[in-house]
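Please model the complete structure; the sequences and the hints are all you need to start from.
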Amino acid sequence: MKMTMLDRVLLLLTGLLAAYQIVVGINDLSTLPIIAYTIAFGVLLIASLLIIILGFDVLDSPAVVIVATIIPLSLSTGLVWEHVPPWQTGYLVFAILGFLAVLITRIFPIPGRLPTIVLAFVHGVAGLVIFILPIVMVLQEQAAPGFALVGLGGALIGLGGLLLSFLRAGKPILSRERILKILPGLLLLMTTCFVAGFYLA
Amino acid sequence: MKHLAARVRLYLPLIKTPQTGLLLATGVAGYLSAGIKVDLITFMGLILSLFLAISGSTILNMWYDHDIDTVMNRTHNRPLAAGTVGLQEALKLGLVLSLLGIGLAIVMDPLYGLVVFAGLFFDVIIYTIWLKRKTCWSIVWGGISGGMPILAGRVLAIGTIDAVGILLTMAVLFWIPTHILTFSMRYYDDYKAAGVPTFPSTYGFAFTRTVIALSAILAAICIGWASVLIGVEAGFLRLLVVLATGLLVLSFATVTRPSERVNFGLFKYASLYMLCSMVVLSIQPYVTIA
Chain A
1 MKMTMLDRVL LLLTGLLAAY QIVVGINDLS TLPIIAYTIA FGVLLIASLL IIILGFDVLD
61 SPAVVIVATI IPLSLSTGLV WEHVPPWQTG YLVFAILGFL AVLITRIFPI PGRLPTIVLA
121 FVHGVAGLVI FILPIVMVLQ EQAAPGFALV GLGGALIGLG GLLLSFLRAG KPILSRERIL
181 KILPGLLLLM TTCFVAGFYL A
Chain B
202 MKHLAARVRL YLPLIKTPQT GLLLATGVAG YLSAGIKVDL ITFMGLILSL FLAISGSTIL
262 NMWYDHDIDT VMNRTHNRPL AAGTVGLQEA LKLGLVLSLL GIGLAIVMDP LYGLVVFAGL
322 FFDVIIYTIW LKRKTCWSIV WGGISGGMPI LAGRVLAIGT IDAVGILLTM AVLFWIPTHI
382 LTFSMRYYDD YKAAGVPTFP STYGFAFTRT VIALSAILAA ICIGWASVLI GVEAGFLRLL
442 VVLATGLLVL SFATVTRPSE RVNFGLFKYA SLYMLCSMVV LSIQPYVTIA
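Quick mapping for you: the protein sequence lines, in order, are chains A and B. Each step along the first sequence adds one to the number in the numbering used here, with nothing skipped, and position 19 is 19. Each position in the second sequence, counted from 1, maps to that position plus 201 in the numbering used here.
Hint data in this document are derived by calculation from the structure and do not stem from the laboratory. Treat each hint with caution, since some may be false.
[What the hints assert, rightly or not] DEER-style ranges, computed between Cβ atoms: (1) A/LEU114 to B/LYS335: 58 to 64 Å; (2) B/ASP390 to A/GLU177: 35 to 41 Å; (3) B/TYR404 to A/VAL84: 41 to 47 Å; (4) B/GLY287 to A/LEU13: 43 to 49 Å; (5) B/LYS238 to A/GLU141: 43 to 49 Å; (6) A/PRO86 to B/LEU241: 53 to 59 Å; (7) B/PHE244 to A/VAL67: 38 to 44 Å; (8) A/LEU13 to B/GLY236: 26 to 32 Å; (9) B/ARG208 to A/LEU16: 37 to 43 Å; (10) A/ARG8 to B/TYR404: 31 to 37 Å; (11) A/THR116 to B/ARG458: 20 to 26 Å; (12) A/THR4 to B/PRO459: 25 to 31 Å; (13) A/PHE121 to B/ASN274: 53 to 59 Å; (14) B/ARG387 to A/VAL67: 25 to 31 Å.
[As the list claims (entries may be wrong)] Stretch by stretch, here's where chain B covers chain A in the computed footprint (C-beta under 8 Å, at least three residues): (15) 11-25; (16) 36-49.
Computed from a predicted structure; not experimentally measured. We put the beta carbon where it would ideally sit given N, CA and C, even for glycine.
Okay, structure coming up:
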């Protein structure tokens, strides 16, 4: 599918927002959240640039499933490390093992439903953490109301991941054209929610 | 006035505006990377002298290579190859712009003028006239000349040649192959027909792709190293690391999964990376991250 000028502008804005977050938005945090958020927004930045340069066809690469796992895993790791100290080590181990599990089940030909189950479990846990944790913190008045936007961003990343996963599995919820049409806007909205949420926290 | 505007429109393709613009951006970045208090007159002089010298050398190259351009499909529409601008007219224009650029540069600062002159000399005499038609390794000199604007900018700011200036020059030197070698693969038949030796025609496509990938990575290492020496703030360093990672991924893909799309993607990304790096180096001394 050919990329329109609007698609390019939306993806460029996504990249710029991600770049802003990497440079400015995470400066005052401790080392691990800085690394985790840099990886998450870095993947978003590079992905936006590569889609602009190589076109939507780049999404057909098998590597997309693996790369797409990095964003929720690193974002959720940063959130847990920052806000739920008792879970720090446990969640970090889950994130590393989860990523390795997705990597292995995608690189080596494993028959059956195991690759899908692993992907769904890792994505599901990470997505739920991003969605629920900020909202819980806001409800418990441990963070400003604006922080809930990070949760909204988590919901949007889950939606995008779901659409792309079903598309790649050959059972698309929406047609490929429709998914690619909304993808740049979805990426921008999601990134805006994350950047605004962290800023307002 | 109408006549003059028409001539300027005719001359614009002679100076390859995107390439001139990017080299000019490197010169500005070299100057601003020093973090000095910007003097507007000196800054305008830097832009004008570099613009004149780069434009002049580009026109002189085009003048000397007009026979090659006529043979190659990619370039046969250029003004000299197509005959829309006369050879003598282009030669005069190239010489005038070059002399004005170098003259202004020397008046501003002799060492700065020397670096600008070196860039023009390496580009026109060593690269284009002497080596381009003899060896594919001529691109090394093309790369060195391409690195002169950023060194010139740095020299004008600090008054001497330092390690940062040399690293920034090397960054541009290593970036240039991603541009020239990608084109020499994409327009392989054109270069062969014109009798210009290239890396693909001398060493094959696989080796050329490896050289492109390695040089892109080396360019990123030089930028990173220079940024650390400059003392770029952590936030900007993170951004440069992220952008360099993209370069690394595409370089890896160029070697392991070669295709025209990926090769050209690396070329575009490397140009974007270089532009972003220049923006970061330019603004970082003047921006404090809260």
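Problem - Hints the structure fails to honour - result: 3
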